[in-house]
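Trainee: Here the protein sequences come in this chain order: D and F. The first sequence runs contiguously to residue 232 in our numbering. The second sequence runs contiguously to residue 1414 in our numbering.
The set of hints was computed from the structure by calculation and includes no laboratory data. Predicted model, so just to flag it, every value in this text is computed and none were measured. Incorrect hints may have been included.
In the SDA-like style, the derived pairs of lysine to any residue whose C-alpha atoms are separated by at most 20 Å in a straight line are [to be verified]:
1. D/K112 to D/D143
2. D/K10 to F/Y1208
3. F/K1334 to F/L1183
4. F/K1096 to D/E177
5. D/K216 to F/A1125
6. D/K10 to F/R1228
7. F/K1083 to F/G1044
8. D/K198 to D/G231
9. F/K1096 to D/A176
10. F/K1177 to F/R1323
11. F/K1352 to F/K1096
12. D/K112 to F/P1410
13. F/K1389 to F/T1302
14. F/K1171 to F/S1181
15. F/K1383 to F/V1304
16. F/K1096 to D/G231
17. F/K1389 to D/F6
18. F/K1383 to D/Q32
19. F/K1096 to D/A147
20. F/K1177 to F/K1383
21. F/K1390 to F/T1270
22. D/K216 to F/G1044
23. D/K50 to D/F6
24. F/K1383 to D/E85
25. D/K216 to F/D1102
26. D/K10 to D/E85
27. F/K1352 to D/R219
28. F/K1383 to D/S31
29. D/K198 to D/A230
30. D/K10 to D/Q86
31. D/K10 to F/E1209
32. D/K216 to D/A179
33. D/K216 to F/K1383
34. F/K1096 to D/S175
35. F/K1096 to D/A179
36. D/K216 to F/R1100
Here are the computed distance ranges between Cβ atoms for each label pair [unchecked claim]:
37. D/T11 to F/R1320: 35 to 41 Å
38. D/D213 to F/A1200: 53 to 59 Å
39. F/P1339 to D/T174: 54 to 60 Å
40. D/R170 to F/K1088: 55 to 61 Å
Ideal Cβ placement from N, Cα and C applies to all residues, glycine included.
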Amino acid sequence: MLDQAFETLKTYDWGTDRNLLNPIDEAIVASQADPAARRGLEGRLVAVLKTDVTRAAKDFVCRALMILGTADSVPALAALLAEPEQSHMARYALERITAPEAAQAMRDALPKLDGQMKIGVIGSLGARRDVASVPALAALLGDTDTAIARSAALALGAIGTPAAAKALMRTKPTSAEAASAVTDAALDCAEGLLAAGKSVEALAVYKRFAGEDQPKHVRLAATRGMLACAGK
Amino acid sequence: MNPSTRKISRRRFLEGSAAGISAFSIVPRHVLGMGQTPPSEELGGALIGCGGQGPGTVGGMGSGIRMIAFCDVDRRRVENAAKRFGAKDVYTDFRKLLERPDIDVVAIATHPGWHPLTSIAAMEAGKDVLCEKPMSRFIAEGRAVVEAAKRYGRIFQIGTYGRFNASRDPKQILIHKIMASGLLKECQAVHIKRGGLKVAEWSGMVRYEVSDPGDREWDLYCGPAPLRPFHAHRFGGTHRGYWDYEGGGLADMAQHHFDPINWVYAKDATSPVQVEASAPPAHPEACGMWGWVELRYADGLTFVMDSDEWGDRYDRQTERDVRLEDLSPIDQQKIREMPDPEPLVGFAEAVKTRQQPGGHAEAAHRTATLMHLANIAIRTGRKITYDPKKEQILGDAEANRLVNQPMRAPWRVV
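Extracted from the complex, chain F is given alone in its bound form:
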């Protein structure tokens, strides 16, 4: 099966029919009146993953949601979170929570190894999802989230919001219009993100001691990842340093940084074709140090992640924006006459109107793919060539093994 053809097909029928279906099933809010949310409109909300960003992720869902159920593998954490929101219903197994018909929307803030599985399960159960970043642990599972959202017409929004600000900035809107227009055939732009990627913070920290998990559901926490004995270092924020659960500083921060940039450069539906990294040999289990990663799109647009924490600074190219002058005078005029893009829709509004939210699944997946490709280039130490339609690495079977990783039974997404 060629994933690319399936993807195109689904997009086509969504464009062709989803708006039509939703138009007949939603009562406009102006009919009901704005302001306070009427009780009949209030949605039942739940949170899966109550540590770290969990309670904050709930805030991203917006108004009109009554939080009624909470889930975490750590009983103390889940009880504290429920108490904070004045709720009583707590779970340690998300599958039980998702069986409830009174839950409409789910915020997901587990460790990233669980993001796709819980997102897909929630959408299969008819819930809308706000998922904390990073969206996924590897490329194929991100695609599975996109397919589930499309299949069931569910709202999926990634928990990072920089693109909403970018979409209101006149300078960024101009770049977006130039890139979205398709008039620029060869893009000379280079976007460099220097620093702020927490590389050392989540590097080189494989701890091999074994300790008691206490009352934590350790097996469930590991979920699809290989099961090995508990150590506190693998739990909580420090889990980020292990490939089994996340992807280091890149996975922690790159979705924040590049999600708005992907919108600005109209790359929400594609991925780079070449990726090259400057990094020492990577440890097979622990995320390590790296210098920079260069990601080049088919049209020439280049994104650079420069850690500024290891090796020499990236100096192959200098930063450069897309400019109106990059186009012919005729095309410049077309851009001037082009309407601004529609404002991006937030999660709560998307849930109510069934419009696509600003940080929808495909966009989130394409941003997550940037960091996954970067990590694959770092881990293999080789320049990789990527097919953005098939979502496969070309000519490098070993690197391609990292695109889709096996999951521990009974978990699976693809």
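Next comes chain D alone, as it looks inside the complex:
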């Protein structure tokens, strides 16, 4: 049954019977407490990913690797990051594979990507709170593509280190859309800094956004932050 399902996967496409792949789903469930069986399944799934199968088949494999993928899956998934139709599903797995190789692969891919694929990888690095990607993300704050600059800002906000805060404070956004992302990210950063006991760094961020030039709700957030920094 399992072999037949893997055979079906080679020609599987949307619109054909998804139930024919169920033996693979069942094998994943059945192997939860069997690391050797899991590795075997992962190997077979990765092998499919390296072949010329349909987008639907790769979608299926990426969903499975989101659950059971390890560092062994990373090279095959990373190879899909630059494919417009596959990039998201590659991240769907890579973002949740805790092995450091997954973050490294996304950092390595970053300079080679553009558009939505780049935005997606930026978001995944932010979601992983990947401290090592701060320099690369900081460099993207001035990107001419507003959407990329905006994503980089939000990712830095999620990472929330002093270096991320400095990068956000230094940047001069070139559009209102990027500016709002920088504001939100900086406030996100400040909250993280404050929680980590770095009130001096946090206060510097809050002061930056407390001026009359900011919208009312942003001034409110900054004022609250300053009060919190003062222990009130």
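We have chain D; now place chain F onto it with these hints.
Mentor: Coordinates of chain F only, in the frame set by chain D:
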């Protein structure tokens, strides 16, 4: 970054300063006079997501709101909704709607995959939000909504109101006082919700056909979820049966059932520590059948979701309330002398007074977490241990992958 420490910090500064700030910026309504809402006080309202519960969600916002803009990926639906409310401005992209400075409050009734993203975007734009249940699709995005509401001092109210009734019931108030007092160290209470969770209704329905989306903005509808070809079964109410968009009957109904119970048992700021389910292996894409889920808090309080639709009935424990007699005579007296909790504040009043609404973001998130943890236990088939502060599943990396799920670019919340 440890999410728990950030959360504590934010709560602290809200408690310490928010009341003080709002006290100086709000003119009491009694100064202006009650009754008809003066035009100067009327708020500009909008609805994002006009199908299903959409128009009904608008009703939950209360009075004093003039609906001026509507948004839906389905042009026919949005035009019908606008017409119903006598409005002209319609959008298919919520980002355009949120750019309008004349909109103060936003009702959100999209499919749940969009609830957190639209809520956060609205609050970042300075709007207050009434969001239809369920609040979120997974745990981490619910936390992101809570953080956005706190950061910008925005009002967030979940669109389920059972806790307002519970908070007026003397029996429930007594339980609430006992639990909120902290005097009960070991709780023997077991709350069982049996049936009414629509498990079969939203189970086992993966349809694999492909059809034409017509004039629907299908890519935008999928939003953060993986994009795959359109089929009508993935649109409208039946979307609930797919993990990509919602969480089956649990996501559909559990927030209704457990939101008041969470208030009664004073669990608005924490979550269970152990969760166990009785269910067959779950399909990776479709919500399936399950029998029961047992969720146990650190103090011993147990919530049970018993579908009554699959397998054996839950029979590990029998239902039991918290009783005054569970406390020592001295502590019983303390409870008798304890004042009743303040009445819960509705959305419209919260918007005007900047008080925390009854179904605020943290409370809604903790209730939503119940169903997410239940679904994770069902999907993994394992007993899970949860850290309510870090909001992570402990000792099970695979289960933990379901706490925060990747989003399709350009969407993100964490």
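Trainee: All hints are to be evaluated individually against the structure, with a verdict given for each.
Mentor: Quick rundown of the hints versus the structure:
In summary, the hint linking D/K112 to D/D143 is supported, as the alpha carbons are separated by about 14 Å, within the 20 Å threshold. In summary, the hint linking D/K10 to F/Y1208 is supported, as the alpha carbons are separated by about 17 Å, within the 20 Å threshold. Distance restraint check for F/K1334 and F/L1183: the Cα-Cα separation of roughly 9 Å lies within the 20 Å cut-off, and the hinted pair is therefore satisfied. Our distance criterion of 20 Å between C-alpha atoms is met by F/K1096 and D/E177, whose separation comes to about 12 Å.
As the CA atoms of D/K216 and F/A1125 are separated by approximately 10 Å, the hinted pair is consistent with the 20 Å bound. About 18 Å separates the Cα atoms of D/K10 and F/R1228, which keeps this hinted pair within 20 Å; it holds. Proximity of F/K1083 to F/G1044 is assessed by CA-CA distance (about 16 Å); at most 20 Å being required, the pair is judged to hold. A distance of roughly 12 Å separates the Cα atoms of D/K198 and D/G231; the hinted pair therefore holds under the 20 Å criterion.
Restraint check for F/K1096 and D/A176: satisfied, since their Cα atoms lie roughly 14 Å apart, inside the 20 Å limit. Annotation: proposed proximity of F/K1177 to F/R1323 holds, straight-line Cα distance about 11 Å (limit 20 Å). Proximity of F/K1352 to F/K1096 is assessed by CA-CA distance (about 25 Å); at most 20 Å being required, the pair is judged violated. A distance of roughly 18 Å separates the Cα atoms of D/K112 and F/P1410; the hinted pair therefore holds under the 20 Å criterion.
For the proposed pair F/K1389 and F/T1302, the alpha carbon gap of about 18 Å is at most 20 Å, so the pair holds. Proximity of F/K1171 to F/S1181 is assessed by CA-CA distance (about 16 Å); at most 20 Å being required, the pair is judged to hold. Restraint check for F/K1383 and F/V1304: satisfied, since their Cα atoms lie roughly 14 Å apart, inside the 20 Å limit. The straight-line distance between the Cα atoms of F/K1096 and D/G231 is roughly 39 Å, outside the 20 Å bound, and the hint therefore fails.
Simply put, F/K1389 and D/F6 have alpha-carbon atoms about 42 Å apart, too far for the 20 Å limit, and the pair is violated. A threshold of 20 Å between alpha carbons decides the hint, and for F/K1383 with D/Q32 the separation of about 13 Å falls inside it, so the pair holds. With a C-alpha separation of about 15 Å, the suggested pair F/K1096 and D/A147 falls inside the 20 Å cut-off, and the hint holds. Proximity of F/K1177 to F/K1383 is assessed by CA-CA distance (about 31 Å); at most 20 Å being required, the pair is judged violated.
For the hint linking F/K1390 to F/T1270, the alpha-carbon distance of about 11 Å falls within 20 Å, and the restraint holds. Taking the CA atoms of D/K216 and F/G1044, the gap is about 17 Å. The hint holds against a cut of 20 Å. Of the supplied pair hints, the one linking D/K50 and D/F6 holds, its CA atoms being roughly 14 Å apart against a limit of 20 Å. Proximity of F/K1383 to D/E85 is assessed by CA-CA distance (about 36 Å); at most 20 Å being required, the pair is judged violated.
Distance restraint check for D/K216 and F/D1102: the Cα-Cα separation of roughly 14 Å lies within the 20 Å cut-off, and the hinted pair is therefore satisfied. The hinted pair formed by D/K10 and D/E85 meets the criterion: a straight-line CA distance of about 18 Å does not exceed 20 Å. In summary, the hint linking F/K1352 to D/R219 is supported, as the alpha carbons are separated by about 19 Å, within the 20 Å threshold. For the proposed pair F/K1383 and D/S31, the alpha carbon gap of about 16 Å is at most 20 Å, so the pair holds.
With a CA separation close to 12 Å, the supplied pair D/K198 and D/A230 stays within the 20 Å bound. At roughly 16 Å between alpha-carbon atoms, D/K10 and D/Q86 fall within 20 Å of each other, so this suggested pair holds. The straight-line distance between the Cα atoms of D/K10 and F/E1209 is roughly 19 Å, inside the 20 Å bound, and the hint therefore holds. At roughly 15 Å between alpha-carbon atoms, D/K216 and D/A179 fall within 20 Å of each other, so this suggested pair holds.
A C-alpha spacing of about 46 Å is found between D/K216 and F/K1383, which places the hinted pair above 20 Å, so the restraint is violated. Using a Cα cut-off of 20 Å, the hinted pair F/K1096 and D/S175 holds, with the two alpha carbons roughly 16 Å apart. This hinted pair checks out: F/K1096 and D/A179 have alpha carbons roughly 17 Å apart, not beyond 20 Å. Proximity of D/K216 to F/R1100 is assessed by CA-CA distance (about 15 Å); at most 20 Å being required, the pair is judged to hold.
Distance hint check: the CB atoms of D/T11 and F/R1320 are about 56 Å apart, inconsistent with the given range 35 to 41 Å. Between D/D213 and F/A1200 the beta carbons are some 56 Å apart, a value that agrees with the proposed interval 53 to 59 Å. Checked against the hint of 54 to 60 Å, the pair F/P1339 and D/T174 passes, with Cβ atoms roughly 55 Å apart. Between D/R170 and F/K1088, the C-beta spacing of about 44 Å breaks the proposed range 55 to 61 Å.
This entry does not satisfy hints 11, 16, 17, 20, 24, 33, 37 and 40, going by the numbered hints stated previously.
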